[in-house]
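Chain order of the listed sequences is A and B. Under the numbering used here, the residues of the first sequence are numbered 1 to 165, in order. Under the numbering used here, the residues of the second sequence are numbered 1001 to 1594, in order.
There is no bait here: all hints are sound.
Stretch-level coverage of chain B by chain A, calculated; a stretch enters the list once three of its residues show a Cβ under 8 Å from a Cβ in chain A:
#1 1234-1240
#2 1273-1286
Simulated coverage check for chain A against chain B, where a stretch passes if three residues somewhere in it have a Cβ under 8 Å from a Cβ of chain B:
#3 26-37
#4 72-79
#5 126-138
In case anyone wonders, no lab produced these hints; they're calculated from the structure. Positions of the beta carbon are idealized from the N, C-alpha and C atoms, including for glycine.
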Amino acid sequence: MNAPVVESEVKAVVAQAIENHGKTFDALIPILSEINHTLGYIPAEAIREVKKQIHGPTSNVYVSESRLYGLASFYDMLSTQPRGRHVIKFCENAPCHIVGGKAIWDALRETLELENGETTSDNKWTLLTTSCIGLCSVGPVLLVDDDMYGNVTVEQIPEILGYYE
Amino acid sequence: MPFYRSHVLVCADPECLEKGAHDVADALQDELVAQGLIDEIQVLETSRIGSCANGPEMMVYPEGVHYVGMTADDIPFLVEEHFLKGRIIEKFREVHKAIVDEELGPLRPKEVRVVLRNCGEIDPMNIEDYLAVDGYQALGKVMSEMTPELVIDEVIKSGLRGRGGAGFPAGKKWAITRQVQDGPKYMVCNADEGDPGAFMNRRVLEGDPHSVIEGMIIGAYAVGASYGYIYCRAEYPLAVETLNVAIAQAREFGFLGDNILGTDFSFDLEVRVGAGAFVCGEETALMASIMGQRGEPRPRPPFPSVKGVWDKPSNNNNVETYANVPQIILKGADWFASMGTERSKGTKTFAVGGNVAKPGLIEVPMGITLREIIFDVAGGIKDGKQYKAVQTGGPMGGCLTAEHLDLPLDYEALSQAGSMMGSGGLVVMDESSCMVDIARFFMEFTQAESCGKCTPCRVGTRRILELLEKICDGKGEPKDIDMLEDLCHEVAQNSLCGLGQGAPNPVLSTLKHFRHEYEAHVFEKRCPAKVCRSLIRYEIQAPTCTGCMVCARNCPVEAISGERRQAHHIDIDKCIRCGICMQVCNFNAVLVES
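Starting from the given sequences, assemble the full structure and let the hints guide the process.
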């Protein structure tokens, strides 16, 4: 998902996000979400670019970098740190916990040799827990990028991970 | 009309089309003709089976087999194996997809579906399906024969209360918003369903989005609002997509936009997607997030009905509340009020999870007892175990025990028992759950989700969690239980918003009903449910052990010793209590003690 980010690319991504969502205060979260989705995370350059680009002759919007950083760090789905090519999000909430989620979580951590929030050294995987994604009737549930897997068992983990390059 | 023995649905979503879904469908059609099966097997193109990322994909009925990732070249093989030889091809089979229908099956005993009545019955992506089941007729009735005051009176008379959990009468809220002399006014729909285990609103948004939109338009007419926001959490991508399609279709049909149904009433609506913050379910935090700020709550009053989005009067209700409105208008307040108890009317959706035989989504009339919900609707406790407790109201709710099973479902009755209605998560626990561990678990959640604005919640939840961890670790001291209780009261009384005020509830309710479990952890260093790792030990029963060595081979830390055909032994000092030996033993010779 995210190779090292080039500055010119950041500029273009930010410009596109601002064009899609507009130069208004209430567009800030959608803009940051789009940058996060495209680049995999929100680098510091992107925050500087948003500040620069959103304020112009056609808009009265002035936002500080600290406000933007405040947003990026507040919301769980926005990341200020680079992430791996594939992000595994595991649901560790009560309904999944009760039906055996802990064993899956332990197996994921052992298989990938990662703790929550870490990325493998080859940048392939980032392991995260997620807030409840509401698929509780088929728990335990995990997400790989945007793909959902339900009723996961420990035995299925190598198979699921094998789908991703 | 021909009868087919099998139907194949090939996904024709843009993503699948790009991956060659058309070629696959054509190849399939050709191959079925070539094999002489075309009169027996029907090929249909459909939208959204759900695994476009692995596409092309197809669903084969009646078996319900989901195939993905095949190309046109694979089709002859697929037809021969599946349709001629009747063998399912594992290599194309999509594994473990979450299937939405596992959530909402056929009507269960004692269920009454009002909000969920269309879910799974109509195509949510097609407004005409909704129109065919009386969709937008309530709006027509409102616009042609009712004044805003009449609408509000009808909703007040129905007794509809906020389904987000707090239970404020919806009609009264509308009346307050209407009375405020300021404008423009906004309608807000709280679709930030964050309680773990609660997915009722997601299902309504994905299965019947127009009922929510229609409810909001009626509400907007009643309170005099001109614009609306549906704030939906980003964890529900399908709900966001469905809503956007539904809003566009409603606009096309003239139910949204300028001069709705030819009147001078205008109202439009947009979806706002969250970015992952549980606290945004709190109404003032939600509105801050809509305005592009950190989702931090502020003190109330002023309530959003007076000062909400952009400091203007904003009427905020939850998804389920709005979805009830069209039915109330169409069938009348008396019909709605005929269901339920004196102060809690209508139905309530619940997501039942945990150790029940039939988990999933249900909708039951208010006034039904918890016993009926757990044992009649949800099929009782799984695997013949004993019922122990039920957590209602999510992480801010409380645990209720066997003595509460005959409580009627009613806002006041649940609060008096130390829990709350909440938005509708219902986690049922059997005898194998440790209540201290459960309390620790919920606290871990609220502590992580505390936004940090006010000190009682930010620091208090952390301190409560530390105490619970200490107790679960077997390091609890006698004074800890009282300290825990005091701390919980402090946090509940002094926090700014519902998150902090409710966070101690799971601890307080388990302390009230299961104090003996806390005491066992602290005074006897024992976990009665045998869950807390530091307080349990695994033992091999010598008479039952056959010396097969399976446990010894699987033990990750080589803590098990013993010769073949001789009873084995676990070295307690080496054991990390992972429980693998117990899982792999074929003779039930490994026991856990506390």
